[in-house]
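Asks: Chains as they are written, first to last, in the numbering used here: chain B, 1 to 473; chain A, 1 to 473; chain Y, 1 to 473; chain W, 1 to 473.
If you are wondering where the hints come from, they were derived from the structure by calculation, not from laboratory data. Hints may be right or wrong, so weigh each one.
Identical chains blur together in the list; that is why a pair holds if it fits in one copy or across any two.
[What the hints assert, rightly or not] Mimicking BS3-like on lysine-lysine, the simulated pairs with C-alpha atoms at most 25 Å apart in a straight line are:
(1) K283 to K370
(2) K283 to K397
(3) K283 to K358
(4) K437 to K24
(5) K144 to K172
(6) K335 to K283
(7) K385 to K397
(8) K283 to K453
(9) K397 to K437
(10) K385 to K370
(11) K386 to K147
(12) K370 to K397
(13) K147 to K437
(14) K358 to K335
(15) K283 to K24
(16) K24 to K335
(17) K172 to K24
For reference, the chains in residue letters:
4 protein chains.
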Amino acid sequence: MFASWHNSRGKQGNNQKSIYGIDKMEEACGVFGVYAPGQDLFRVTNFALYALQHRGQESAGIALSDGQNIHLKKGQGLVAEVFPRLQGGPKGVDANGALGHVYYSARGKARPENAQPLLVRYRQGNLAVAYNGNVINAGELREKLEKEGSIFQTMTDSELLAHLIARSGHSKLESALQSVLPALHGAYSFLFLAEDRLIGLRDPYAMRPLSLGRWRGHYVLASETCAFDTIGAEIIRDVRPGEMVVISKEGLQSIQVLPSSRTALCVFEFIYFARPDSDIHGKNVHLVRKRLGRLLAREHPVQADLVTGVPDSSLAAATGFAEELGLPYEMGLIKNRYIGRTFIQPDQEIRDIGVQLKLNPIQQVVQGKKVVVVDDSIVRGTTSKKLVNMFVQAGAKEVHLRIGSPPIICPCCYGIDTPERSELIGAQRQVEEIRQKIGATSLQYLSRLGMLKAVGLPPDSLCMACFSGEYPL
Amino acid sequence: MFASWHNSRGKQGNNQKSIYGIDKMEEACGVFGVYAPGQDLFRVTNFALYALQHRGQESAGIALSDGQNIHLKKGQGLVAEVFPRLQGGPKGVDANGALGHVYYSARGKARPENAQPLLVRYRQGNLAVAYNGNVINAGELREKLEKEGSIFQTMTDSELLAHLIARSGHSKLESALQSVLPALHGAYSFLFLAEDRLIGLRDPYAMRPLSLGRWRGHYVLASETCAFDTIGAEIIRDVRPGEMVVISKEGLQSIQVLPSSRTALCVFEFIYFARPDSDIHGKNVHLVRKRLGRLLAREHPVQADLVTGVPDSSLAAATGFAEELGLPYEMGLIKNRYIGRTFIQPDQEIRDIGVQLKLNPIQQVVQGKKVVVVDDSIVRGTTSKKLVNMFVQAGAKEVHLRIGSPPIICPCCYGIDTPERSELIGAQRQVEEIRQKIGATSLQYLSRLGMLKAVGLPPDSLCMACFSGEYPL
Amino acid sequence: MFASWHNSRGKQGNNQKSIYGIDKMEEACGVFGVYAPGQDLFRVTNFALYALQHRGQESAGIALSDGQNIHLKKGQGLVAEVFPRLQGGPKGVDANGALGHVYYSARGKARPENAQPLLVRYRQGNLAVAYNGNVINAGELREKLEKEGSIFQTMTDSELLAHLIARSGHSKLESALQSVLPALHGAYSFLFLAEDRLIGLRDPYAMRPLSLGRWRGHYVLASETCAFDTIGAEIIRDVRPGEMVVISKEGLQSIQVLPSSRTALCVFEFIYFARPDSDIHGKNVHLVRKRLGRLLAREHPVQADLVTGVPDSSLAAATGFAEELGLPYEMGLIKNRYIGRTFIQPDQEIRDIGVQLKLNPIQQVVQGKKVVVVDDSIVRGTTSKKLVNMFVQAGAKEVHLRIGSPPIICPCCYGIDTPERSELIGAQRQVEEIRQKIGATSLQYLSRLGMLKAVGLPPDSLCMACFSGEYPL
Amino acid sequence: MFASWHNSRGKQGNNQKSIYGIDKMEEACGVFGVYAPGQDLFRVTNFALYALQHRGQESAGIALSDGQNIHLKKGQGLVAEVFPRLQGGPKGVDANGALGHVYYSARGKARPENAQPLLVRYRQGNLAVAYNGNVINAGELREKLEKEGSIFQTMTDSELLAHLIARSGHSKLESALQSVLPALHGAYSFLFLAEDRLIGLRDPYAMRPLSLGRWRGHYVLASETCAFDTIGAEIIRDVRPGEMVVISKEGLQSIQVLPSSRTALCVFEFIYFARPDSDIHGKNVHLVRKRLGRLLAREHPVQADLVTGVPDSSLAAATGFAEELGLPYEMGLIKNRYIGRTFIQPDQEIRDIGVQLKLNPIQQVVQGKKVVVVDDSIVRGTTSKKLVNMFVQAGAKEVHLRIGSPPIICPCCYGIDTPERSELIGAQRQVEEIRQKIGATSLQYLSRLGMLKAVGLPPDSLCMACFSGEYPL
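Next up, chain B with everything else stripped away, as it sits in the complex (with noise of 0.2 Å):
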């Protein structure tokens, strides 16, 4: 549905997502583009959503270009809801480019403009633009715009980069997009289609995912790999650092729009937003969270009878912790498929029976045993404390809870919904008190440098500022 209340700050009222107490830190966003003339590029790209719709549920859209025009439709909801029908895009359009988005609200942006791909007309003719990332420094340049004259329908960085692209007073787009994209700090991949090209880019970090990929001799880009799997298209590399990629009748064009020292990829993908058949930088998303649970049974050894992991992102990682100790593997956990989002009055005790809906142990395994639990992070130690129970609750007789990744000390200023500082239990409390709140046997965490080592890629490839506070920026 469309209507909703909102203002400039976003939608009112509750915010849906942490009714069921679920505690994670949240993406935003998966994109994928195409440049086919002749494909059915409505089809291509709707598939290609679907695979990235873990990445947003908020809404979706896609915009397809003729050459002359660009369509778009987008709107509240999944993919299979904004797109009843798997075929089907406008009507006698015979596209050459799309371009498709899912939609993750961050806190504060949950406006139905905010909707994507942003469609808008300027100068040079018609431009859609889409993104997954958050410009840091897009309050000051929105400041600076609007002192300008600009004014702001939505709150999303394409409006932004449509501004400035449209001021630039470049004619080109790949030159406008040079001139200034310098003034951009933050983390993000933009696509861009016109009329006759699809454009893409990464900042100069890389710290958000997108790929290259082949599909019917023409050129594809995704926010993750496994978007190519579905629709049959080959990898062929990650757009790099500050390199752009522009693609055209002319083919493919690579150009490093923005220098780049170093990758500073965010590590959250491999533990937690990435699907695990997705590989980002050559590394298998799922065989990373494997070894990052290898590595914390190395760290953190535990006398068990049994390895459980919490469904479905630390599944893997639990394998992996299983294996290192020779304990045996369980599902000890069941997640309930259907738990949607549709609830709209959330009260105390749909919160607290939250967990409870969404997750059951299963008596019959754990009770009366000794029980790893593997989760991939903590941020508010609230679910946590609620599994631990539900464990105890169902007969556990001790309750090991091992995390693949490191405390949570800093809140991510690139655009990953986090908590405030003074939310995050890991920024407040030492492991031992934490692992007293939560009721726990032991709590472990991986170390930094295991995480490191299990995802594999160059020390300093990566960016960890939320276990460390380090800014690559």
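Please arrange chains A, Y and W on chain B, whose structure you already have, making use of the hints.
Replies: Then chains A, Y and W, alone, in the frame of chain B:
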């Protein structure tokens, strides 16, 4: 439903409006504004929009200012669909001012983004804008702004105004408007809602209606006075040509923001657009319509058994016609009230059956009779032909078509949805030719002079460009 | 929306119908049937239901027989909501017969299951049933059936009839009906669609309308002849009291299935229920209404400046009244066409503002005038009071209320939704008392004799029980 | 959406279930009942239905008894769609008992009317009925009832039972059931809610699950014990074969309403239908599945690099298989959680891409590896073929398919949605032929003996007719 395919030239597909072959000029939009701290402004705006719903059924929206923020809800559909509850604005919002809008989409503007009010953030804060009308040099102004680096996300003049205001450099909204309005040419009534004030203004010819009223000791503005009746407000007066009224806690301030040499109110407000219970420039619409009928009868009397009108807009004229000639007035044509806006795949058979689904002559009334059928206007002539045929089928012996306005010979360039000149039957053919084509026994139009006389406003105070080709600007 | 809470006594919560305080008798349902192999029966039935929509807006349904199966679609809402496409019946179905229904829910019957047609499977195959009316001994018959082991899933008489037919032991539907109909008392028009035939029948007093028509060489049945006009059918005649018409590939067979001593057609069809363009028993509804006004004027003339009617049902009577006295007829009261069925949480303020949202007197027409307001009937008197007050507020000097029917003194026991006797103002008070309560300058009702005369059917051919207490059965 | 075309044989059009080519046996329905005066029974039933949602996603319904009336709400869609608010039963209803149902429509039964609970009125008052299973002689019984004059409005066995109860002549529901149940053959668990009691019963072979629990001092019944965990109830025991439990203010009464010679619980509950965290007859489903994998490994070991399972139902078996052979267990196959039930116009390309949209092997995990893929069953073999091919495409060197159950050789006649025998690949071909068709390196099924051993219930306590052709009845 928010999501539909559209492009920079508007929505895809067939124009739904014409599927019943009802051949009318079409109006664009209704606005309502109120500044009344401490009152339930959501409810009163909601009620007022019900009263203005006839001016636009494509989308509806309400903006509420609480002194610091502006809260907005808008969506596709009728007021009752966008705001299904009569009470129930945003929670916890104590509004001091409100702006409401119902949208009629002229051809090619059916993009969901065009729903209004438009809410923007600019240098001076938040601003909600809504209007009725058409800035005729909008294309030029947009082009100029684009050249200066502006981007456009909608096709509305609200966005155009917001850009101009933001770029004016003035920190006061009133001053900004004073500086930018001279550049605008066209027929428009604009409303602006800022955090602490409501501004209404009318073009220097006062082509589009806008009335000022008093409600519970505060000021209200509305496209038509029927909205005042519905909410229990009193009419103060019409906003004057070129006048800007600024309503805030300081009360009402009137500024002659643009010089005005004459009034040129769109005469079609009287003929067709406005609700009969509205007064415009002191003239009641129903009474004007009745006089149109009377004068039409005087100009083109006819020997007949009865007079009937095409519901609803021509009933008043029909009674006037009948009274003048002492003929019986009969409701010879019944309108189906349940034909809605729902059908999405019109085909030829439905187009043909359209008028028949919507209108039905009463056989027992018209059979064997010489019937005068009064209609308010003829645009393309397609409906008239079907109408005359329906009366013939129902057994009418003679069908004398009398039109309560002159032949339409020019398209409107001020925002009224008229077809091309080549489709205007009045521009292409003589009255006798039209009569033959339509199949009526006789056909007569009211003269321009008669129309003027019926309206009763001073000569030269109306825009009659569609009848005369003499555009006021 | 299908899902709403209901129980064996009907739906939960407030009755939506009265939220605007519009105080009327309410009709129950419209039916349409056609047997015409080879035609597009979905479309024609859909069109016919549009024409009958005024008889019921709660649900709509269409059943199609293809000779072997009966296909059904029904749902809550308007015809246009349940069947959003004008074409588009079930795929691959080549229907020979069709049955359509629009449902009005009398109090206590608003269960989604009550939507019709009802489709049952019984010994002889499939059967779709729909009706308009009320079997007054349904309670007894249901109880008897329950005692014999029947179960009931709806509160409709369609289900009752289906049970009786199934239990009759007859293998032929006609015979079954002949055997069970004598047990029924009440006012009803039933339609049955079997695999190979369409049957229509009317109670022995013909209390509910049912007309027979010819369409493209085939037969059609409808509650009102306006449906025939809409689809292009011709009226043959009304179905006779106690007559059963069986339509199949053998053509039409008429069976006098129940003896009939007299006709007792519900006079409210003429006063309020039927569309003005329908003919019932040869009398056009509009012309009857006009005569009601004429005779009312003769019985209760008044010196006044103008006559106005309450739209839409009383406009014809108002013109008759005005003509008879040579007074000007004016459209002094405007009806908002967009007040729908959407509001779900009415409160007192809305109830109070209800009439005001829906109706608005034209001040310039009535100010300083002696006004005659013609209304068709008074039920509780609540609307009349608000109406008179609105005219007073608008400046009318005198408000003479004239009612085009006698005082309602008894509730209907034949299925028309009337309040208890204690709520009927006509049953509780003298005319002068009512006048005082309502606040009118004068108040007069048409006499029963005058009403009879206006209808023009033979004496003793109408049911006027609500005016006289003399129930035909 | 309630309204869709259907006929007496079910809904029109393509069967949505198979569009992704996911080739599974399909279960029918979940039930929940509670008798607990003074508790919030709407909420607890709503929560329980969430836990049972995997058993049916076509419609959901809740009936509440307040001692005098039964209130019902049901509709098409998921629990969250039919009951969008977690709180919010019918206003003012203080329920003593509740009945909830989620519906899976077997082929040909997708009529909106089939949504349950069914609410009927009969001689003894109101009765809500819901069930899981299939009365195999329903056709005969319906025919007999039709011959005796009954009508049927649905295709449910709930309606059949309601008829039988109503016709039994018994005034006590328990007695009625006792008298009619012997005539029923089939696999069923029924729940009945009368004004003052809740009754649950299971067929004499206990083929369909039904468990009894305690909640806040009261009794609850549910298809699976995972519902008890979700609402915080404790398992008491399973309802026994042929047992009827009557729950009222007198407490719980157990009646052996039908003699039972053996139990024949459908073994597919363990293999595929039930949630892993449910216990059936004391056996935890997850642990049974793990043992199925262990025994499969013992019977058909294989030299391989890793073991992977098809999510979600085969993951447990895969871990068991891996553990038994000491092979690494890997999540080699990722399931898209957002593939829903929305698509309405499947075409061949979507069918082909279906499995690919839903499942994706992780290339980096399987590339160059000898992979064991464990699946729970093979029905037609279509999915298996695509699955094997996906692994081959992803670079697996060998793909050893291991099935955690024997070949399916016979269709189920007890209500499980199985294709015709001719479509059952296990019925048509030898294992080696199947292997060739599927393209696997090797293919092995678990033996019936192994399956029995894994379940761990006494021999002859399971129905394995689909594997053996030996039907218990």
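Asks: Run every hint past the structure and note whether it holds.
Replies: Evaluation of the provided hints:
1. K283 to K370: Classified as between: cross-chain Cα gap 21 Å, same-chain 33 Å, threshold 25 Å.
2. K283 to K397: Close across copies (21 Å), not inside one copy (37 Å); limit 25 Å.
3. K283 to K358: between (30 Å within a copy, 22 Å between copies)
4. K437 to K24: Classified as within; 18 Å inside a copy, 45 Å across copies.
5. K144 to K172: both (23 Å within a copy, 19 Å between copies)
6. K335 to K283: between (27 Å within a copy, 20 Å between copies)
7. K385 to K397: This pair counts as within: shortest intra-copy Cα distance 16 Å, inter-copy 44 Å.
8. K283 to K453: within (12 Å within a copy, 42 Å between copies)
9. K397 to K437: within (18 Å within a copy, 49 Å between copies)
10. K385 to K370: within (17 Å within a copy, 41 Å between copies)
11. K386 to K147: Neither: 49 Å inside a chain and 55 Å across chains, both beyond 25 Å.
12. K370 to K397: Classified as within: same-chain Cα gap 5 Å, cross-chain 38 Å, threshold 25 Å.
13. K147 to K437: neither (49 Å within a copy, 61 Å between copies)
14. K358 to K335: both (6 Å within a copy, 18 Å between copies)
15. K283 to K24: Answer is within: at 23 Å inside a copy they meet the 25 Å cutoff, but 34 Å across does not.
16. K24 to K335: Both: 16 Å inside a chain and 21 Å across chains, each within 25 Å.
17. K172 to K24: neither (42 Å within a copy, 45 Å between copies)
Hint compliance for this structure: hints 11, 13 and 17 are not met, and every other hint is.
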